[in-house]
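> Sequence:
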Amino acid sequence: MSKRDYYETLGVERNASEPELKKAFKRLAMKYHPDRNPDDKSAEEKFKEAKEAYDMLANAQKRAAYDQFGHAGVDPSAGGGAADGASFSDIFGDVFGDIFTGGSPGRGGGSRARRGADLRYNLELNLEDAVRGTTVKIRVPTSVLCSTCNGSGAKKGTVPVKCTTCGGLGQVRVQQGFFSLQQGCPQCHGTGQMIKDPCGSCHGQGRVQERKTLSVKVPAGVDNGDRIRLSGEGEAGERGAPAGDLYVQIAVKDHPLFERDENNLYCEVPISFVTAALGGALEVPTLNGRVKLKIPAETQSGKLFKLRGKGVKSVRGGPVGDLLCRVLIETPVNLNGKQKELLKAFEGSMSDNGTRHSPKEKSWLDGVKKFFEDIKL
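Counting in this note's numbering, the sequence shown runs from 973 upward without gaps.
Calculated directly from the structure, the hints in this document are not laboratory data.
Don't take every hint at face value.
The following label-pair restraints were derived from C-beta to C-beta distances [stated by the list, open to error]: (1) G1105 x L1229: 27 to 37 angstroms; (2) G1105 x R1008: 47 to 57 angstroms; (3) K1225 x Q1272: 24 to 34 angstroms; (4) K1109 x G1204: 11 to 21 angstroms; (5) E1270 x L1307: 44 to 54 angstroms; (6) Y1219 x E1100: 34 to 44 angstroms.
Even glycine gets a Cβ: it sits at the ideal position worked out from N, Cα and C.
Please take these sequences and the hints and turn them into a complete structure.
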C-alpha cells in the first residue's frame, strides 16, 4: 500500500471535516471502482489507497495519531487489513456502502450479504420490430435463489448460526500496540453467520445455476445501443440478498431496403433514364406500405426526395422522421441492334439544334481544363 500522505491521497486539506473526507472518498471511489475499470489493476490499487486513507482519517482516534506521528503513529497493514485480507468486493461493500446507503458495517449483525451481479443479454432485432415495438422471449443463464434452502445456504431443517469468531458482528478487533483496530471477520467474511450443515443443492452458496425464460417488451423506436433494464432479473444475491438487474442490449440488423439515421430512413430507388428525362410516377416502399413517388422531368441521378412522416418515431419521443429516397438512374443493358440504332440516332439529335441538354457537362469540362492549366503553371 502506498506511503503517500493520506490527506494528499484524498485531495483534501489537513483541517478537512468528516463530510469533506466522505465527499472526497466518494469522488475517488466513483472514478476507480472496478465496475467502471474492469481488469484495471492500477485503478484497483488507487481505490485501495483511497480506502486506506479514508479509514484512517474518518476515525478520530487514528486521525489524531496520524496527525501527530504520521505513518509511524499508525500501522497501515492493520488499517488496511480489509484491503489485504478480504476480497475487493468486501472492501467496496464495507466502505463504499456506508457512504451511499448510510449503512454502518459491524453493527447489529455484521455486513450485509452482497447483492447479485448485473447481467447483459445481446438482443438482435430486425428494423421493423425495432421501429414498431415487439415482445420477445429470451433464455438467460443465471444464478437463481436455491429453492431447497430458500437462499439461506443451510441444509433443510437447519439455519445459519452465529459466527463463533466475531460473535455475529462481522467484525473483529485486532490489537496493534496502543491501538485497537476493527476489521472484517476472516471466518465469516463479514456476514456474522456460519453454515454448519450446507445445503446439498447449492453447497452453502444459497444460489444455483439454471436457465430462465423471460418476456422482454421492446418499446417502439429503439435503436442500436439502446438498453432495456429488467429489474431483479440478474444474478441472485448471496444468502437471500437482492438480485441484480438484467440489461438487454439492442442491436438492429441491416435491412435490405432501408438504412436508419436517427429518426430518418434512407432508401435507394432505381429509375430508367426515360423516367428521369420525361418524368413519371412509381411506387416506393415504406415500413407502413407502398406510396406513390412523383418523379419530375429532367431529374438527375442522386437527387433526394423527402416523404415527410414516413420515418421513425424515436423511443425518446419527438416528431416522426422522414423517408428520404435517393434516385439512381440505371443504364440500359442487353440492348438489341434496333435499340442501339435508336440510341445513336437519339444522341445525334441532341447536338442538331445547339441546345445544351447536359446541365453539368460544361461546368465539369471547364473544371478539367482549369485543372490541367494549373498543373502546367
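> Against each hint, give a clear statement of whether it holds in the structure.
Hints and how they fare:
Under the hint 27 to 37 angstroms, the C-beta atoms of G1105 and L1229, about 20 angstroms apart, miss the expected range. For G1105 paired with R1008, a C-beta distance near 32 angstroms fails the hint of 47 to 57 angstroms. A beta carbon spacing of about 32 angstroms between K1225 and Q1272 agrees with the range 24 to 34 angstroms that was offered as a hint. Between K1109 and G1204 the C-beta distance comes to about 18 angstroms, which sits within the given range of 11 to 21 angstroms.
Here the CB-CB span from E1270 to L1307 is close to 23 angstroms, at odds with the stated 44 to 54 angstroms. Remark: the range hint 34 to 44 angstroms for Y1219 to E1100 is contradicted by a beta-carbon distance near 23 angstroms.
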